[in-house]
Amino acid sequence: MNTLATDLTVSSIILLILSTALINNFVLHYFVGICPFIGVSRRIDTALGMGMAVTFVMTIAAILTKTITYFITGNANVDGGAPGLLTGTDLSFLNYTVYILVIAGAVQFVEMYLRKFFPALYSAFGVYLPLITTNCAILFVCLMIMMKGTGFVETIAYAVAGGLGFTIAISIMAGIREELDHADIPEPLKGAGITLIVAGILALAFMGFTGIGQ
Amino acid sequence: MASELPGGLQRFINGILPENPVYRQVLAMCPTLAVTNTIAGAVTMAGATAFVLICANVVTAALRRLLQPHLRILVFTVTISAFVTIADRMLAAFMPAMSQKLGPYVPLIIVNCMIICRCEVCASKQGVAVAAADALGQSLGFLAALLSISIVREILAFGSIFQGWAGANGEGLRVLPKSFPNWNLMALPPGAFFTLGILLGLANWCVAAREKRKTAS
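Chains as they are written, first to last, in this note's numbering: chain A, 1 to 214; chain B, 215 to 431.
One thing to keep in mind: the hints can contain errors.
Here are the simulated lysine-lysine pairs, BS3-like style, with alpha carbons at most 25 angstroms apart [unchecked claim]:
hint, chain 1, residue 1, chain 2, residue 2
1, B, Lys426, A, Lys148
2, A, Lys190, B, Lys428
3, A, Lys190, B, Lys426
Computed Cβ-Cβ distance ranges for the label pairs, DEER-style [stated by the list, open to error]:
hint, chain 1, residue 1, chain 2, residue 2, range
4, B, Arg424, A, Thr87, 38 to 46 angstroms
5, B, Leu277, A, Leu8, 45 to 53 angstroms
6, B, Arg279, A, Asp45, 42 to 50 angstroms
7, A, Ser12, B, Arg424, 54 to 62 angstroms
8, B, Ala276, A, Gly175, 32 to 40 angstroms
9, B, Asn396, A, Gly208, 27 to 35 angstroms
10, A, Ala120, B, Arg427, 38 to 46 angstroms
11, B, Arg279, A, Gly211, 40 to 48 angstroms
12, A, Arg42, B, Arg424, 28 to 36 angstroms
13, A, Arg42, B, Leu361, 27 to 35 angstroms
14, B, Ile227, A, Glu178, 36 to 44 angstroms
15, B, Leu285, A, Lys148, 27 to 35 angstroms
16, A, Ser123, B, Pro395, 50 to 58 angstroms
Calculated directly from the structure, the hints in this document are not laboratory data.
Remember, predicted model here, so these are calculated numbers, not experimental data.
Glycine included, each C-beta is placed from N, C-alpha and C at the ideal position.
Chain B extracted, bound-state conformation (with noise of 0.2 angstroms):
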């Protein structure tokens, strides 16, 4: 059964584009709307996730032996909501201002679908290398996925990048020129679902004309 199950670097590579959690697995919506209307945020955002992700997956992996079926969601998310307690409390000392932003978002790590998919599929039945590669690889994907959507709803609703990172005031690098308008939208609620289906539907026309290649060819 294990011999079936891909190895480590090929969990790692699968988690950055073919299974990214959020374009082609379509998971851990809510972070992924609420928390990309800066890049600072996203950023912010996927560490904190990447940080429990990897945390709970090598816990889970070296505890997967005494696992219950019956139980083992129960261990996962108790499991999560400690690492997620301690992500929590650093940012909120060491990034108030940050914390402050994120707000109830970094909490709600706990039920993000990913990370528990992810004990599921891949810690509670592989060693703890292979579920930390697998951690990495998804974290990374998840990263990506944050930063595309936030480059493209910052640069439109304040014409500019990195706000809070770079610039006199924080105030960002300024890319686009200044007649252009701030378009508030973008950095508002609905803003966050146009991006974000628009870019879904981008992924999956690239998907679906690569396959289109390779039967093609």
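So that you can see chain A by itself, here it is in the shape it has in the complex (with noise of 0.2 angstroms):
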């Protein structure tokens, strides 16, 4: 069904927040956002900004997503097809497409009024928004959600929360790697290997995590 709200209770959004943020990691789990991972993972306060712009960008463009595919291009994955509410057309083909210009096209907007209207914030994550089109999480959210046929509701609980678990690992990547600069690394692993290998380490603490949802 192409439903905008299912059944909501406050227990299934937390349980919903609590999965994707932790046991479903977007970067541990599900592999999206590893490049800023590898990259940009050097210093707390960066990965910081860059986890809550991505965390913003995420976000819009999930709602912005979520409802051209409600009310315009329609959505095959659900079961037998929803249509689009107002074209009444099966036009799930131009969904892959329509999202990547919708993410770029949202990121150039968030990144034009942020620096019009709040500049603290611009200088804040100013620099990341660009990186952010190419940054697969975002893509990865829509698609998700356009798999999942989630109602509204949900598609921004999963958005945020998705966010919140990219901002997470990013965070803790970066924590550990401002130590690993000190540390005594094999030549061949430094930069990329021991980066990939840290991150096996935290996907093994994470997968902890996944009594939680029981």
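Taking the hints as your guide, dock the two standalone chains into a single complex.
Given below as structure tokens:
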């Protein structure tokens, strides 16, 4: 069903947020957003800035793409397929192209809006905004929402929690890497190699959250 | 300017090992980590990526004189997303089980930095033939990288290879003795990080050793 609202309880939303942010962490479980995870996460404050910027854009992109899917293009992934509410046609083959354009446009608009109205916020994460267009985590959220066919409130909860999980992972990683600079690492593993192995250990630790949902 | 850029053959060879997208450029990390728990998944992913990369590179090369500098990334992305839609629909039609298994990672090819990188570095500057050769080389390099990771992971996780393709019920060919317990962790996310991290280290070590020998002689 292509619905805007499903049966909602507070506990189901909390469960959704917990499972998205911790158990199915975007970076450590789904492997999206690995590029900034490896590239940017060198200092905790830049990691936090990146994480906030991603969460912000992720939420806006999720709301926009959900609205477009619901009203215009339709969603073929929910059972039986659901045409767009206003068009009455199944245009779901356009979804991927529309999503990536919406994300690119949203990033531009968010950047302009922040520069004009929130200069402090802009200077805090302005440099990371253009990078976000090619961050696969944003597109991943839009795709997952389409594939799951979630309702509107869940969409927002999912996007915010996903961004939160990304921020948690990238900040922990930045903290570890600040210490790694002083460690004696074998020459070939320096850079991406040791980051991936540390990420593996982190992923192992995050697997411990698996029981929470039950 | 054009004469300084490598030719088609050079581009093709570069893509396979010297500029391998995964091991040398550390690009396309999400599919590399996400779909390599079985060889079948890795090969399908590499095939879909190869299709998109070759088509996008050829189209971009054909359009290269019309590209406006400030709009070029947008043009690349829209071109790529069109071919990704085709690849995704084909997979869903002819390999529904595999399409289900790969899930969001097929549409995520759109933001695969490796493809945008090839459009930017090669196809927007050189002709159609060179771009096609470049795309072919890079795709082979990507396939080799995904295969190397998935072979390690599948053997350690299940003790067999070619799961879903060979064997009686698609359980694959047993390569490790029955007494070897399934190391399930290798099929799970941490296994992906460990395997890629260690293989990346090995690749760097090999390159460093070769450089050393070259300077020594």
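Going down the list of hints, with the structure as the test:
no.	hint	verdict
1	Lys426(B) to Lys148(A)	violated, 52 angstroms
2	Lys190(A) to Lys428(B)	holds, 22 angstroms
3	Lys190(A) to Lys426(B)	holds, 18 angstroms
4	Arg424(B) to Thr87(A): 38 to 46 angstroms	violated, 59 angstroms
5	Leu277(B) to Leu8(A): 45 to 53 angstroms	holds, 47 angstroms
6	Arg279(B) to Asp45(A): 42 to 50 angstroms	holds, 44 angstroms
7	Ser12(A) to Arg424(B): 54 to 62 angstroms	holds, 56 angstroms
8	Ala276(B) to Gly175(A): 32 to 40 angstroms	violated, 48 angstroms
9	Asn396(B) to Gly208(A): 27 to 35 angstroms	violated, 20 angstroms
10	Ala120(A) to Arg427(B): 38 to 46 angstroms	violated, 55 angstroms
11	Arg279(B) to Gly211(A): 40 to 48 angstroms	violated, 59 angstroms
12	Arg42(A) to Arg424(B): 28 to 36 angstroms	holds, 29 angstroms
13	Arg42(A) to Leu361(B): 27 to 35 angstroms	holds, 32 angstroms
14	Ile227(B) to Glu178(A): 36 to 44 angstroms	holds, 40 angstroms
15	Leu285(B) to Lys148(A): 27 to 35 angstroms	holds, 33 angstroms
16	Ser123(A) to Pro395(B): 50 to 58 angstroms	holds, 54 angstroms
In this structure, the hints that do not hold are numbers 1, 4, 8, 9, 10, 11, in rising order.
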